[in-house]
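A.B. asks: Fit chain C to the given chain R structure using the hints.
Chains as they are written, first to last, in our numbering: chain R, 122 to 516; chain C, 122 to 516.
Read the hints as simulated data drawn from the structure, not as lab findings.
Keep in mind it's a predicted model, so treat the numbers as computed, not measured.
A few of these clues could be false.
Here are some chain R residues the structure puts well away from chain C; computed CB gaps all over 10 angstroms [claimed, not checked]:
1. Arg140
2. Pro153
3. Leu163
4. Asp180
5. Gly201
6. Ala229
7. Asn232
8. Ala235
9. Glu267
10. Pro391
11. Glu414
12. Gly428
13. Glu451
14. Pro482
15. Arg501
Partner residues aside, some chain C positions facing chain R, computed with beta carbon under 8 angstroms [said to hold, decoys possible]:
16. Phe155
17. Gly157
18. Asn158
19. Glu165
20. Leu167
21. Asn200
22. Thr202
23. Gly341
24. Gly348
25. Pro374
26. Ala376
27. Glu383
28. Trp475
Yeah, the Cβ is synthetic: ideal placement off N, Cα and C, and Gly gets one too.
2 protein chains.
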Amino acid sequence: MSTPDSNAILAGRVVEAIRSVIGTAPAALHEPRFNGNEWIYLKECLDSTFVSSVGKFVDRFESDLAAFTGARHAVAVVNGTAALHIAFMLAGVEPDDEVLVPALTFAATANAVAYCRAHPHFVDSTARNLGVDAEKLRNYLQENTEQRLGCCINRHSGRVIRALVPMHTFGHPGDLDALLAVSRDFNITLVEDAAESLGSYYHGRHTGTFGRMGTLSFNGNKTITTGGGGAILTNDSELARRAKHLTTTAKLPHAWEYRHDEIAYNYRLPNLNAALGCAQLEQLPDMLAAKRELFLRYKDAFKNVSGLRLVEEPANCVSNYWLQTIELAERDATLRDCLLTATNEQKVMTRPVWTLMSELPHFDSEPRMDLSCVEDLAQRLINIPSSPHLVAATS
Amino acid sequence: MSTPDSNAILAGRVVEAIRSVIGTAPAALHEPRFNGNEWIYLKECLDSTFVSSVGKFVDRFESDLAAFTGARHAVAVVNGTAALHIAFMLAGVEPDDEVLVPALTFAATANAVAYCRAHPHFVDSTARNLGVDAEKLRNYLQENTEQRLGCCINRHSGRVIRALVPMHTFGHPGDLDALLAVSRDFNITLVEDAAESLGSYYHGRHTGTFGRMGTLSFNGNKTITTGGGGAILTNDSELARRAKHLTTTAKLPHAWEYRHDEIAYNYRLPNLNAALGCAQLEQLPDMLAAKRELFLRYKDAFKNVSGLRLVEEPANCVSNYWLQTIELAERDATLRDCLLTATNEQKVMTRPVWTLMSELPHFDSEPRMDLSCVEDLAQRLINIPSSPHLVAATS
Numbered sequence: 122m123s124t125p126d127s128n129a130i131l132a133g134r135v136v137e138a139i140r141s142v143i144g145t146a147p148a149a150l151h152e153p154r155f156n157g158n159e160w161i162y163l164k165e166c167l168d169s170t171f172v173s174s175v176g177k178f179v180d181r182f183e184s185d186l187a188a189f190t191g192a193r194h195a196v197a198v199v200n201g202t203a204a205l206h207i208a209f210m211l212a213g214v215e216p217d218d219e220v221l222v223p224a225l226t227f228a229a230t231a232n233a234v235a236y237c238r239a240h241p242h243f244v245d246s247t248a249r250n251l252g253v254d255a256e257k258l259r260n261y262l263q264e265n266t267e268q269r270l271g272c273c274i275n276r277h278s279g280r281v282i283r284a285l286v287p288m289h290t291f292g293h294p295g296d297l298d299a300l301l302a303v304s305r306d307f308n309i310t311l312v313e314d315a316a317e318s319l320g321s322y323y324h325g326r327h328t329g330t331f332g333r334m335g336t337l338s339f340n341g342n343k344t345i346t347t348g349g350g351g352a353i354l355t356n357d358s359e360l361a362r363r364a365k366h367l368t369t370t371a372k373l374p375h376a377w378e379y380r381h382d383e384i385a386y387n388y389r390l391p392n393l394n395a396a397l398g399c400a401q402l403e404q405l406p407d408m409l410a411a412k413r414e415l416f417l418r419y420k421d422a423f424k425n426v427s428g429l430r431l432v433e434e435p436a437n438c439v440s441n442y443w444l445q446t447i448e449l450a451e452r453d454a455t456l457r458d459c460l461l462t463a464t465n466e467q468k469v470m471t472r473p474v475w476t477l478m479s480e481l482p483h484f485d486s487e488p489r490m491d492l493s494c495v496e497d498l499a500q501r502l503i504n505i506p507s508s509p510h511l512v513a514a515t516s
Numbered sequence: 122m123s124t125p126d127s128n129a130i131l132a133g134r135v136v137e138a139i140r141s142v143i144g145t146a147p148a149a150l151h152e153p154r155f156n157g158n159e160w161i162y163l164k165e166c167l168d169s170t171f172v173s174s175v176g177k178f179v180d181r182f183e184s185d186l187a188a189f190t191g192a193r194h195a196v197a198v199v200n201g202t203a204a205l206h207i208a209f210m211l212a213g214v215e216p217d218d219e220v221l222v223p224a225l226t227f228a229a230t231a232n233a234v235a236y237c238r239a240h241p242h243f244v245d246s247t248a249r250n251l252g253v254d255a256e257k258l259r260n261y262l263q264e265n266t267e268q269r270l271g272c273c274i275n276r277h278s279g280r281v282i283r284a285l286v287p288m289h290t291f292g293h294p295g296d297l298d299a300l301l302a303v304s305r306d307f308n309i310t311l312v313e314d315a316a317e318s319l320g321s322y323y324h325g326r327h328t329g330t331f332g333r334m335g336t337l338s339f340n341g342n343k344t345i346t347t348g349g350g351g352a353i354l355t356n357d358s359e360l361a362r363r364a365k366h367l368t369t370t371a372k373l374p375h376a377w378e379y380r381h382d383e384i385a386y387n388y389r390l391p392n393l394n395a396a397l398g399c400a401q402l403e404q405l406p407d408m409l410a411a412k413r414e415l416f417l418r419y420k421d422a423f424k425n426v427s428g429l430r431l432v433e434e435p436a437n438c439v440s441n442y443w444l445q446t447i448e449l450a451e452r453d454a455t456l457r458d459c460l461l462t463a464t465n466e467q468k469v470m471t472r473p474v475w476t477l478m479s480e481l482p483h484f485d486s487e488p489r490m491d492l493s494c495v496e497d498l499a500q501r502l503i504n505i506p507s508s509p510h511l512v513a514a515t516s
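Same shape as in the complex, but just chain R (with noise of 0.2 angstroms):
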């Protein structure tokens, strides 16, 4: 049980172990930075004029990006709740069909499943590795599910489970065997909301090219950036020709004539923003070495500081550490918020997790499971500064 003064206690020692691993200047929680070709590219695209809804730098993107992760092909999108959108409709999710998410994670996930008029459907995580635990929703859908016409079933509200949606939390990937015997089984699609988990490998192979679609984000915040922007990885061309189409606005290739087949989204990524990604990509194997590294350091740093781990990546696992995670051993809702405040004071930006999507007043009606694990690990779980140039810092 803690109290006040060893509450205390603990937060200064996790602020030191902090400071000794990226000194003493103010620490974001995750910061792009940009020293690679970004201003040339950047340039160039100016000099060509193209900064808008086509361009090489888009193409290069995509083609880059198929590259790095071994799917077959990638879409460019605005940005990562477009991607998911978009993937969730070719995944065929229905008005009034209910979608397995997460509860722990960010808003875009639970937002999109909306956008498609279905229901987000919570479930529970393993503190394993943060994301869904497969053991779980499988006992779960063998007690509240049934078969029929080749779907599944929710017993309760009667709705198709159309899609499973698991999210790589912080970078660590999800139990992807179990969850994909589990959408077998079930015939339920997967679709890898890989949003923070660039550079992640599962058994060797890249997260988000797993399931029927995988989705990723640029945000200023990921571990690179386009400024905004996302995209959808697939290896069926069918999927990949589909997402290119609903997301430029269904229009028909022609010399001049403007005519669009169906109702669809202008959810192009400008070639601007494709240009630095472009270039932030070719640092990535730097940055994910440099991340790699600082976990190395801050695991060092909190050998000594009782009452919590770091969050390590899962066997025959590679994660990105897109955002280094302290989990503190017991649940203690006045530790976290006394760590979270005395480190916030002090420059040394923290974060609690979302608030689990379960408990936002607007999914107040939605189907869940029982979430006691993640409603534990939610009191628990901190996310502390991870931009790789911190590594520079002390080196």
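C.D. replies: Relative to the frame of chain R, chain C by itself:
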């Protein structure tokens, strides 16, 4: 009546007239130029590391837009389509409502209605300014709607007609006084699609500031560009606050907590794109002057080409002359297509108007008034090269 021979002769004269104004180099329909502070601001943006969803250029772009248009508030968003979507939501457009949109518009206007799960209801335009025919609309509403509980009800569908969305075609302001009167008399909220009319004024006041909200676009083909971008204009502080909240994932402000209070969107304009916008906006007065000069030169060049006229700004209005437009004298599709072929073959890019929304297969079953004027017009309008820098080519 045109014949193949007379078509070819007219096509030759049109190419010659255009060439006499813009010179012999290939010409796109509308291309941006970056001759101001674009470079400096982009560099500043990279150096600050704030390239993403917040930053000083976003704030500045919003206040510069408000200052330029005279709107009390401008909320920057990721593109014009997103601006329309949110403006319709805030105008109270609900599932199964109808929204009056011109058949003559870009797909985004009608698509954004569909995003709200409402029905576009297509209305005719007048040849006078290519915008919604207010008098015809008034008569149509008189005959086909009734008032019930302060709402305008379509007698045939039984649905509420919630909003009216005039679009200022190619930059020419529509009949705003008459449209505002229709809006008032029939209890239909006016939202202006001003995507094409930045720098266009109706009776001395900037377009997009007459309706409850107005929307702008900064796509690559617009008068100024941010790569991709848009904005919502409004004089209502509460609507502006709501627009900001709904376009920024409805996150509640807090030092570290991540909590959202409604289903919302990731429609933020990245700071990188706003930096480009700030530099472009500084050059807008010069661009507008050049576009006006281009119009005058075209007018002079076409004065001896019989069988067509150049579309001019309406009385008491100032048009930005976004896209210069030829109107052919007689309806004859073979003449139009002959002209399009001849010009595009010679690298003078021209384009007919968009396929009318009412003729797209996915809007087949949506309601519409008699569209005879716009169906005729659509066969007779051709856009010709309109970039401001074309003025420099021969001066």
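A.B. asks: A separate judgement is required for each hint: does it hold in the structure or not?
C.D. replies: Going through the hints against the structure:
Every CB of chain C lies more than 10 angstroms from the CB of R/Arg140, the least distance being 18 angstroms, so the non-interface label holds. For R/Pro153, the shortest C-beta to C-beta distance to chain C comes to about 6 angstroms, within the 10 angstroms cut-off, and the non-interface label is violated. Not every Cβ of chain C is farther than 10 angstroms from the Cβ of R/Leu163; the closest lies at roughly 6 angstroms, contradicting the non-interface assignment. A cut-off of 10 angstroms between C-beta atoms confirms that R/Asp180 is not in contact with chain C; the least separation is 16 angstroms.
Distance check for R/Gly201 against chain C: the nearest CB is about 8 angstroms away, which does not clear 10 angstroms, and the non-interface claim fails. Distance check for R/Ala229 against chain C: the nearest CB is about 6 angstroms away, which does not clear 10 angstroms, and the non-interface claim fails. The claim that R/Asn232 is not at the interface with chain C is violated, since a C-beta of that chain comes within 10 angstroms of its own (minimum 6 angstroms). Distance to chain C contradicts R/Ala235 as a non-interface residue, since its nearest Cβ pair spans about 5 angstroms, not more than 10 angstroms.
Listed as outside the interface, R/Glu267 is consistent with that label: its C-beta sits roughly 29 angstroms from the nearest C-beta of chain C, beyond the 10 angstroms cut-off. The Cβ of R/Pro391 sits about 3 angstroms from the closest Cβ of chain C, inside the 10 angstroms cut-off, so the non-interface label is violated. No beta-carbon of chain C comes within 10 angstroms of the beta-carbon of R/Glu414; the shortest separation is about 21 angstroms. At the 10 angstroms boundary, the C-beta of R/Gly428 stays outside the reach of chain C, the nearest C-beta of that chain being 20 angstroms off.
Here R/Glu451 stays apart from chain C, with its beta-carbon at least about 21 angstroms from theirs, past the 10 angstroms limit. With a cut of 10 angstroms on Cβ distances, R/Pro482 falls inside the contact zone with chain C, its closest approach being about 6 angstroms. Annotated as non-interface, R/Arg501 keeps its C-beta farther than 10 angstroms from every C-beta of chain C; the closest such distance is 15 angstroms. At a threshold of 8 angstroms, the smallest CB-CB gap from C/Phe155 to chain R is about 5 angstroms, leaving the interface hint in force.
Contact between C/Gly157 and chain R, as hinted, is not supported at the beta carbon level, the nearest pair being about 11 angstroms apart and thus beyond 8 angstroms. About 12 angstroms separates the beta-carbon of C/Asn158 from the nearest beta-carbon of chain R, more than 8 angstroms, and the hint is not met. The beta carbon of C/Glu165 is not positioned within 8 angstroms of any beta carbon in chain R (closest approach about 12 angstroms), and the interface hint is therefore violated. At about 5 angstroms, the closest approach between the beta carbon of C/Leu167 and any beta carbon in chain R falls short of 8 angstroms, and the interface hint on this residue holds.
Hint status for C/Asn200 relative to chain R: holds, with the closest Cβ pair at about 5 angstroms, below 8 angstroms. Hint on C/Thr202 holds. Least Cβ distance to chain R is approximately 4 angstroms, under the 8 angstroms limit. Nearest Cβ of chain R to the Cβ of C/Gly341: about 2 angstroms, under the 8 angstroms cut. The hint holds. Nearest Cβ of chain R to the Cβ of C/Gly348: about 3 angstroms, under the 8 angstroms cut. The hint holds.
Residue-level restraint check for C/Pro374 is violated (minimum Cβ-Cβ distance to chain R is 14 angstroms; threshold 8 angstroms). A cut of 8 angstroms between beta carbons decides the hint on C/Ala376: the least distance to chain R is about 6 angstroms, and the hint holds. The interface hint given for C/Glu383 is met, as the beta carbon of that residue sits about 5 angstroms from the closest beta carbon of chain R, less than 8 angstroms. Because the smallest distance between the Cβ of C/Trp475 and any Cβ of chain R comes to about 4 angstroms, under 8 angstroms, the interface hint for this residue holds.
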